[in-house]
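The numbers in numbering that gives the first Met the number 0 rise by one with no breaks, and the one at position 50 of the sequence shown is 49.
Hints were generated in silico from the structure; no laboratory data involved.
Glycine included, each C-beta is placed from N, C-alpha and C at the ideal position.
What you were told as hints is all true, and nothing was included just to trick you.
So the derived label-pair ranges between C-beta atoms look like this:
hint, residue 1, residue 2, range
1, Ile-175, Glu-145, 22 to 30 Å
2, Arg-149, Glu-187, 32 to 40 Å
3, Glu-89, Thr-157, 16 to 24 Å
4, Ala-113, Asn-155, 16 to 24 Å
5, Asp-143, Lys-191, 29 to 37 Å
6, Glu-102, Arg-149, 18 to 26 Å
7, Lys-130, Ala-171, 15 to 23 Å
8, Lys-191, Arg-149, 32 to 40 Å
9, Lys-183, Glu-145, 30 to 38 Å
10, Lys-188, Glu-145, 31 to 39 Å
List time: in silico SDA-like cross-link candidates among lysine to any residue, alpha-carbon distance up to 25 Å:
hint, residue 1, residue 2
11, Lys-126, Ser-167
12, Lys-139, Gly-176
13, Lys-130, Leu-120
14, Lys-130, Val-84
15, Lys-191, Pro-123
16, Lys-169, Tyr-190
17, Lys-139, Pro-105
18, Lys-139, Gly-116
19, Lys-130, Ala-177
20, Lys-130, Ile-185
21, Lys-98, Ala-171
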Amino acid sequence: MVRNLVARWRVLRRVLDDGRRLGSCYRNYSVLNRSETIIGSRSSSSLPKLPFSSSSSNAPDFHFPTPSFQHRRPICSASDPSNIVLITSEDQFNKALRKARDEALPAIFYFTAAWCGPCRLVSPVIKELSKDHPQVTTYKIDIDQEGLVRTLNELNITSVPTFHFFQSGKKAGEIIGADVAGIKNIVEKLYK
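Using the sequences provided together with the hints, build the complete structure.
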């Protein structure tokens, strides 16, 4: 079965590469005259018969939808009971950073991306830690958000996951990478 399909595919590619088009099946993509033969060829019998070609005049037209790349996986679940706040704009990030610095509130800034494998590995650990330490607000920042490019450059965020830990209004620590043991240690040390 597979060999047969491969052979048919090769025949189809050869026909298309030679500049000839299939008759009625690809009616919209070929130049046909009234007798349903390809202009420039001697007869329609010179074309190989393919399993999906049809000699009837009501052959289906194939319309393939264009792929959509607009689908994105959510970075944070809205129904999650933990205290993880999703940051989506530069303004939100600046407010959160001011809150951590000026009000001296304990905070974790978690820089991540939906396509990042290590970020997905660390995500359940961060959820668990945020539930265990409800006094600490975790801010989850997707680095692919359009409005955050300048802020990320200023903070020198060059890889993900990156964690900035704030305690008493100051940056108390930073971890770059998916170091689960390091993250747990620094959270336990700073936010007992």
